[in-house]
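Number of protein chains: 2
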Amino acid sequence: MKGSLFDGIPAELPEEIFDTICSTENVKIERIISRGHASPEGFWYDQERNEFILVVRGSAGLKIESEENIVVLRSGDYLNIGAHVKHRVEWADPACETIWLAVYY
Amino acid sequence: MKGSLFDGIPAELPEEIFDTICSTENVKIERIISRGHASPEGFWYDQERNEFILVVRGSAGLKIESEENIVVLRSGDYLNIGAHVKHRVEWADPACETIWLAVYY
Numbered sequence: 270m271k272g273s274l275f276d277g278i279p280a281e282l283p284e285e286i287f288d289t290i291c292s293t294e295n296v297k298i299e300r301i302i303s304r305g306h307a308s309p310e311g312f313w314y315d316q317e318r319n320e321f322i323l324v325v326r327g328s329a330g331l332k333i334e335s336e337e338n339i340v341v342l343r344s345g346d347y348l349n350i351g352a353h354v355k356h357r358v359e360w361a362d363p364a365c366e367t368i369w370l371a372v373y374y
Numbered sequence: 270m271k272g273s274l275f276d277g278i279p280a281e282l283p284e285e286i287f288d289t290i291c292s293t294e295n296v297k298i299e300r301i302i303s304r305g306h307a308s309p310e311g312f313w314y315d316q317e318r319n320e321f322i323l324v325v326r327g328s329a330g331l332k333i334e335s336e337e338n339i340v341v342l343r344s345g346d347y348l349n350i351g352a353h354v355k356h357r358v359e360w361a362d363p364a365c366e367t368i369w370l371a372v373y374y
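Residue numbers (the numbering used here), protein chains in the order written: chain A, 270 to 374; chain B, 270 to 374.
It cannot be assumed that every hint is accurate.
Since the list can't tell identical chains apart, any single copy or any two copies may satisfy a pair.
As the list claims (entries may be wrong) - SDA-like mimics (lysine to any residue), calculated; alpha carbons at most 20 Å apart, straight line:
#, residue 1, residue 2
1, K355, R318
2, K297, G351
3, K271, V341
4, K271, R343
5, K297, Y373
6, K332, G272
7, K297, E320
8, K297, N338
9, K297, E317
10, K355, Y314
11, K271, P309
12, K271, I339
Since the hints were derived computationally from the structure, they do not count as laboratory data.
Chain A with its partners taken away, still in its complex shape (with noise of 0.2 Å):
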């Protein structure tokens, strides 16, 4: 039942992380590990579902694509994107890992 964000992180991360949580009918929520990874060139998430994302750790470039300015968020700091807000991850710190709590509802 207990876990931590921080456990199982590995040394060597050559593509972003995905765990899944926990997932019913309504809701996913995922811990995501980032270290430096950026989107595909021309990628962009366009999802089915609400998406709340908040980092725990390091820090991160979101671009929305309706919006000129990338949105740092930094430990602490959390996005609520809309389903269909179509986005991409610009950059995440190169010198650490970037850990993510997401939630699609």
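Based on these hints, arrange chain B on the given structure of chain A.
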């Protein structure tokens, strides 16, 4: 759209603070701020929904009625509590605020 779990923490905290970040028919996401607070003597949370609870900063001890030991949660630790699993906060760090993210689903 963007917010921080660490913004708007009052210097004095006579009562715990519960801030709804977003709420739909199926899910509610909430920030909770505690500083040395415990649930009232004899009180148990008994909730209609499942609850995912994450300690983002600080630490606290949760008692699940059906379990013998207090579950100690520190930064990054989470607990998934099923609907109607009775639980209470036995203690929260008295020296600093404890910031929780709660997802009721």
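Hints and how they fare:
no.	hint	in the structure
1	K355 x R318	within (12 Å within a copy, 30 Å between copies)
2	K297 x G351	both (15 Å within a copy, 15 Å between copies)
3	K271 x V341	between (30 Å within a copy, 9 Å between copies)
4	K271 x R343	between (25 Å within a copy, 11 Å between copies)
5	K297 x Y373	both (5 Å within a copy, 12 Å between copies)
6	K332 x G272	between (30 Å within a copy, 16 Å between copies)
7	K297 x E320	both (9 Å within a copy, 12 Å between copies)
8	K297 x N338	neither (28 Å within a copy, 28 Å between copies)
9	K297 x E317	both (12 Å within a copy, 18 Å between copies)
10	K355 x Y314	within (5 Å within a copy, 38 Å between copies)
11	K271 x P309	neither (34 Å within a copy, 23 Å between copies)
12	K271 x I339	between (35 Å within a copy, 12 Å between copies)
The structure is inconsistent with the numbered hints 8, 11, although it conforms to all the rest.
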